[in-house]
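Asker: Okay, here's what each chain looks like letter by letter:
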Amino acid sequence: MTTLEIPATDAATDNLAALESEAIHIFREVAGEFDRPVILFSGGKDSTLLLHLAIKAFWPAPVPFPLLHVDTGHNFDEVIAFRDQVVEKHGLRLIVANVQDWIDDGRLAERPDGTRNPLQTQPLLDTITEHKFDAVFGGGRRDEERARAKERIFSLRNAFGQWDPRRQRPELWNLYNGRHRPGEHVRVFPLSNWTEADVWNYIARENVELPSIYYAHRRKVYRRDGMWLTEGPWGGPRDGEEVKDLTVRYRTVGDGSCTGAVESDAGTVQDVIAEVLASRLTERGATRADDRLSEAAMEDRKREGYF
Amino acid sequence: MSSLLRLATAGSVDDGKSTLVGRLLYDTKSVLADQLDAVTRASVDRGLSTPDLSLLVDGLRSEREQGITIDVAYRYFATPKRSFVLADTPGHVQYTRNTVTGASTSQLAILLVDARKGVIEQTRRHAAVLALLGVPRLVLAVNKIDLVDYDEETFAVIAKEFTDHATSLGYAPGSVLSIPVSALVGDNVVDRSDRTPWYEGPTLLDHLENVPAAPDPHDAAFRFPVQYVIRPRTPEYPDYRGYAGQVAAGTVRRGDQVVVLPAGLRTTVERIDTADGVLDEAAAGVSVTLLLADDFDISRGDVISAAADAPVPTDELAATVAWLSEKPLKAGARVLVKHGTRTVQAFVEELSSRFDEQKLSTVDAPGSLELNEIGQVRIRTAEPLPVDDYAVNRRTGSFLVIDAGDGATLAAGLVGAPLPVLRADRDVVSPGP
Numbered sequence: 001m002t003t004l005e006i007p008a009t010d011a012a013t014d015n016l017a018a019l020e021s022e023a024i025h026i027f028r029e030v031a032g033e034f035d036r037p038v039i040l041f042s043g044g045k046d047s048t049l050l051l052h053l054a055i056k057a058f059w060p061a062p063v064p065f066p067l068l069h070v071d072t073g074h075n076f077d078e079v080i081a082f083r084d085q086v087v088e089k090h091g092l093r094l095i096v097a098n099v100q101d102w103i104d105d106g107r108l109a110e111r112p113d114g115t116r117n118p119l120q121t122q123p124l125l126d127t128i129t130e131h132k133f134d135a136v137f138g139g140g141r142r143d144e145e146r147a148r149a150k151e152r153i154f155s156l157r158n159a160f161g162q163w164d165p166r167r168q169r170p171e172l173w174n175l176y177n178g179r180h181r182p183g184e185h186v187r188v189f190p191l192s193n194w195t196e197a198d199v200w201n202y203i204a205r206e207n208v209e210l211p212s213i214y215y216a217h218r219r220k221v222y223r224r225d226g227m228w229l230t231e232g233p234w235g236g237p238r239d240g241e242e243v244k245d246l247t248v249r250y251r252t253v254g255d256g257s258c259t260g261a262v263e264s265d266a267g268t269v270q271d272v273i274a275e276v277l278a279s280r281l282t283e284r285g286a287t288r289a290d291d292r293l294s295e296a297a298m299e300d301r302k303r304e305g306y307f
Numbered sequence: 001m002s003s004l005l006r007l008a009t010a011g012s013v014d015d016g017k018s019t020l021v022g023r024l025l026y027d028t029k030s031v032l033a034d035q036l037d038a039v040t041r042a043s044v045d046r047g048l049s050t051p052d053l054s055l056l057v058d059g060l061r062s063e064r065e066q067g068i069t070i071d072v073a074y075r076y077f078a079t080p081k082r083s084f085v086l087a088d089t090p091g092h093v094q095y096t097r098n099t100v101t102g103a104s105t106s107q108l109a110i111l112l113v114d115a116r117k118g119v120i121e122q123t124r125r126h127a128a129v130l131a132l133l134g135v136p137r138l139v140l141a142v143n144k145i146d147l148v149d150y151d152e153e154t155f156a157v158i159a160k161e162f163t164d165h166a167t168s169l170g171y172a173p174g175s176v177l178s179i180p181v182s183a184l185v186g187d188n189v190v191d192r193s194d195r196t197p198w199y200e201g202p203t204l205l206d207h208l209e210n211v212p213a214a215p216d217p218h219d220a221a222f223r224f225p226v227q228y229v230i231r232p233r234t235p236e237y238p239d240y241r242g243y244a245g246q247v248a249a250g251t252v253r254r255g256d257q258v259v260v261l262p263a264g265l266r267t268t269v270e271r272i273d274t275a276d277g278v279l280d281e282a283a284a285g286v287s288v289t290l291l292l293a294d295d296f297d298i299s300r301g302d303v304i305s306a307a308a309d310a311p312v313p314t315d316e317l318a319a320t321v322a323w324l325s326e327k328p329l330k331a332g333a334r335v336l337v338k339h340g341t342r343t344v345q346a347f348v349e350e351l352s353s354r355f356d357e358q359k360l361s362t363v364d365a366p367g368s369l370e371l372n373e374i375g376q377v378r379i380r381t382a383e384p385l386p387v388d389d390y391a392v393n394r395r396t397g398s399f400l401v402i403d404a405g406d407g408a409t410l411a412a413g414l415v416g417a418p419l420p421v422l423r424a425d426r427d428v429v430s431p432g433p
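Those protein sequences? They're chains A and B, same order as listed. The letter at position 38 of the first sequence is residue 38 when you use full-length UniProt numbering, and the numbering goes up by one with no holes. The letter at position 134 of the second sequence is residue 134 when you use full-length UniProt numbering, and the numbering goes up by one with no holes.
Think of the hints as simulated: they come from the structure by calculation, not from any bench. You may find that some hints are simply not true.
Result set (SDA-like, lysine to any residue): computed pairs, CA atoms no more than 25 Å apart in a straight line [what the hints assert, rightly or not]:
#1 K56(A) / K327(B)
#2 K29(B) / L16(A)
#3 K327(B) / A197(A)
#4 K132(A) / D37(B)
#5 K56(A) / K81(B)
#6 K56(A) / E200(B)
#7 K56(A) / R231(B)
#8 K81(B) / K132(A)
#9 K327(B) / P165(A)
Based on the sequences and whatever the hints tell you, model everything.
Answerer: And the structure:
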């Protein structure tokens, strides 16, 4: 039985329509109940989808929230250019928290392994506090990882931004409880019930534009920890790491030090969908080194305040 | 047939729920190679010779340490016939609130029992909770059938006892199915087992693929809680005033007569807007923006309702609550009630009765309701709410009870006359041999 095959029938269309209506409902609940929401936006496919849904939820009015990007300084140029272009096109307000600023003034120290992904937590929490954000939208999906499968759609964080899986509120029917005390905030995940296949099918249906690196292109890459990494300010290639010129694409887009490319000829959305459906690896398993640090890497980072 | 089935699992600790869910994912090939590698590695670390499929779903550190499921987890799998959203809920007594969470949106629930133990108190309690929350269909997975030598008689006794119990809770016999399975070995989960030749019913997956999904209440009266008022005030849309929300029940069409509650203002639906264009009609579950013929002052919390069949707003709720907090409920408690998009102050006037899931009977005038207890209450609200009976509509008949101080969700509330399962005057059917 081929089970990852989503039937191209009315059934699949209905499923996407239901997911879209649910996400729009979630956006509007937050707009109605919170004072200062913000959308986490990195320019990656999940946050681009998040923004697309927000625009639909409030049309013909503008999106009533700003965007926040925690920039590790290790991002792909194509993605930063895409980010700025999207902000400009929709007349949005973008707040950027540069991890480099935290390193420069000593609030954070560079890690020995050079990866900056875990360093995002403090700039994120500091910026939430500084702007008094009370609801923070993220593009997290429950199909991504075991700890994320436990996440509520409305996830209360304490004043330290921490997630306590044992103290989550029950989430009943579609009645979301956004009450929080001063200093606390709520993380909101409108894409909770989407799978990677849903995301790509919806991107195809809605013609959502993405950064070019999601599609096959030639790139000079080197092998590290079983992944194809690209050259960049994160330090590589090191001695003995051979650079190859390959046709690759990215399944996820994050910090360049830990996000790997996959060899792929998928140059269009339809090619990508075919490839995703046939893949025997999850997107994180294939290309995210940060999830491999321990059996509970994601849970531990979420407890610290990461998404 | 609906493309999506929402389901929940329930059962006692160690009945093998996580293993069953892991088996469903594994045998439908919904587990990808890296996930399986991770589980295989973790199993070897624990000294096991075969992959422990429960590790696929027990995602939290403390769950893996203790080998139990603590919190509800959502799983996604699909076959060519259907997509599934599965709420895997813990069986531990102190986590019954998660069973309520999983069941509130489910169209079907799979209850597990251990074939060696049969129907136990926790099974009865879970079935009662599922009945209370109106989960339309039940499956009893009689697990570990391999450990009773695939004995037909053992299965038949358990199946009969459970069906009798479910029937006494109000389930029609046709909405309950028992299946002999071994989650560990894989009998009758996805693949039919030749070790149970006496079993003629479907495998678990066959049943899940073919069971009718509960119909959305499309033929119910139209209900639309206003979530947000869209007023662009842009040069292009200077006078636009739209009421954004999700249709909670029924269907709305252009030109329909509606009434805005609680104020009771009557008007007509002039347009149904979405970012993708104008619709002629919108049914339950669809998020839209309504434009009305008259320029009334309508805001978040109001309910736009079919004029011909509108609820009468009330500030006296007779309701059932499933108490989900460690802090017990006592008469006189001041709380918040969230119904639809409206949150109001409220006061619990009376605890009328408490349900005893084991005896399937009610205890009158209890002094308090403790964590995981279910009871009848009378609540007075500061403002009238346009509620429906939960038995008629899960969406417009449900509410949250919220702690006004720390914002915690205290209870799941179900409006209306007690469901048959909780009625004191009902005939109590003996729950089996």
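Asker: The structure should be examined with respect to each hint, and the outcome stated for every one.
Answerer: Here is how each hint holds up against the structure:
1. K56(A) / K327(B): Violated, at about 41 Å.
2. K29(B) / L16(A): holds (22 Å)
3. K327(B) / A197(A): Answer violated: K327(B) to A197(A) is near 42 Å, above 25 Å.
4. K132(A) / D37(B): violated (42 Å)
5. K56(A) / K81(B): violated (30 Å)
6. K56(A) / E200(B): Violated - the C-alpha atoms of E200(B) and K56(A) are around 49 Å apart, more than 25 Å.
7. K56(A) / R231(B): holds (14 Å)
8. K81(B) / K132(A): This hinted pair is violated, its Cα atoms lying about 47 Å apart.
9. K327(B) / P165(A): Holds, because 19 Å separates the two Cα atoms, which is no more than 25 Å.
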